[in-house]
Amino acid sequence: MDEIRTYRNTISTGHLKCYEVKVRETDLLACTDLNIYDITLGIVLKYRNYIENYIIENPFFLTSLVPVACDILAPAIIKDMISETQKVGVGPMASVAGAISQYVGSQLLDYTNNVIIENGGDNFIKTDHDVHISVYAGSSPLSEKIILKLNSSKMPAGICTSSGTIGHSLSFGRADAVCVLSDSAVLADAAATAIGNRVKNKNDIQKGLDWGMAVDGVRGVVIIIGDAIGLLGDIELA
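End of the sequence shown sits at 240 in our numbering; the numbers just go up one at a time, nothing left out.
Derived from the structure by calculation, the hints contain no laboratory data. One or more hints might be untrue.
[As the list claims (entries may be wrong)] Listed next, the in silico DSS-like pairs over lysine-lysine satisfying Cα-Cα at most 30 Å (straight line):
#	residue 1	residue 2
1	K128	K151
2	K19	K89
3	K48	K156
4	K128	K204
5	K24	K209
6	K48	K128
7	K128	K19
8	K209	K156
9	K128	K24
10	K147	K202
11	K128	K147
12	K209	K151
13	K48	K19
14	K19	K156
15	K202	K19
16	K128	K156
17	K48	K81
18	K89	K128
19	K204	K19
20	K24	K48
21	K89	K156
22	K202	K151
23	K151	K24
24	K204	K147
25	K24	K202
26	K81	K128
27	K204	K81
28	K209	K147
29	K48	K204
30	K81	K147
31	K48	K147
32	K89	K48
33	K89	K151
Could you put together the complete structure from these sequences and hints?
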């Protein structure tokens, strides 16, 4: 059953044109200067095909919960998923949503100056204006009350969220939200999963922040569990 992403009804993007692109498990909200749905769909299909074909030849890529070996013959998106998840000790598919956002968004910059790709909380952002991002944290009283400001001078950027209490993604922790900021949405997605696995209760927040910020390429981390929150790094609250 498709997940109903009602939070998209509250998104405001100014002059950008927003449209959904859905292909099987992939469910993107793309925001660009003009509605270029057909171009976006073609790019999504291309990168999905790379991933799907690789999984057919290498089934372990889909199921592994630990890093897999590098493959110099793999497509660039696969190499990136492997290398970024190696940094944080999780399986390659822990970065798939961020990877789709990153690669689709980056290629769309050939057609538009402004791009926001939202993929179930895993985002690639490159705009000529600052962006405010609400952190959804399920039943936490802090859900959608924490607003992050992302300065246009620090884009493109990936900002991705993992949760141990909501959604269908696998997590071994109990954080309501772990949000990671990086230049790479692939790394941000993988790191959010890895940090989330380490946060079982409020006492783990500082440990999770410190661990996340020690990962090369992570710019900032936000952790929410219940009514408690921790922030570290290049995180600006609006």
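Checklist entry - Do the alpha carbons of K19 and K89 lie within 30 Å of each other, as the hint requires? => result violated (35 Å)
Item to check | Pair hint K204 and K19, alpha-carbon separation not exceeding 30 Å | outcome: Violated: K204 and K19 sit about 40 Å apart, past 30 Å.
Item to check | Proposed proximity, K204 with K48 (alpha carbon, max 30 Å) | outcome: violated (41 Å)
Next on the checklist: What's the verdict on K202 and K151, does the C-alpha distance respect the 30 Å limit or exceed it?
Outcome noted: holds (27 Å)
Checklist entry - Is the straight-line distance between the alpha-carbon of K48 and that of K156 30 Å or less? => result holds (28 Å)
Next on the checklist: Next pair to validate is K128 with K204; report whether the Cα-Cα distance is within 30 Å.
Outcome noted: With Cα atoms ~33 Å apart, K128 and K204 exceed 30 Å; violated.
Checklist entry - Does the alpha-carbon distance linking K128 and K19 stay inside the 30 Å limit? => result holds (14 Å)
Next on the checklist: Against the 30 Å threshold, does the CA-CA distance of K151 and K24 hold or violate the hint?
Outcome noted: Between K151 and K24 the Cα gap is close to 28 Å, so the pair holds against 30 Å.
Next on the checklist: So if I understand the rule, the pair passes when the alpha-carbon distance is 30 Å or less; does K202 with K19 pass?
Outcome noted: Violated. K202 to K19 sits at ~39 Å, over the 30 Å cutoff.
Next on the checklist: Check whether the Cα positions of K147 and K202 lie no farther apart than 30 Å.
Outcome noted: holds (22 Å)
Next on the checklist: Does K147 sit within 30 Å of K48, going by the straight-line distance between their CA atoms?
Outcome noted: Not satisfied, since the Cα-Cα distance of roughly 37 Å exceeds 30 Å.
Item to check | Pair hint outcome, K19 versus K156 [Cα-Cα no greater than 30 Å] | outcome: holds (22 Å)
The structure shown violates the earlier hints numbered 2, 4, 5, 15, 19, 25, 27, 29, 30 and 31.
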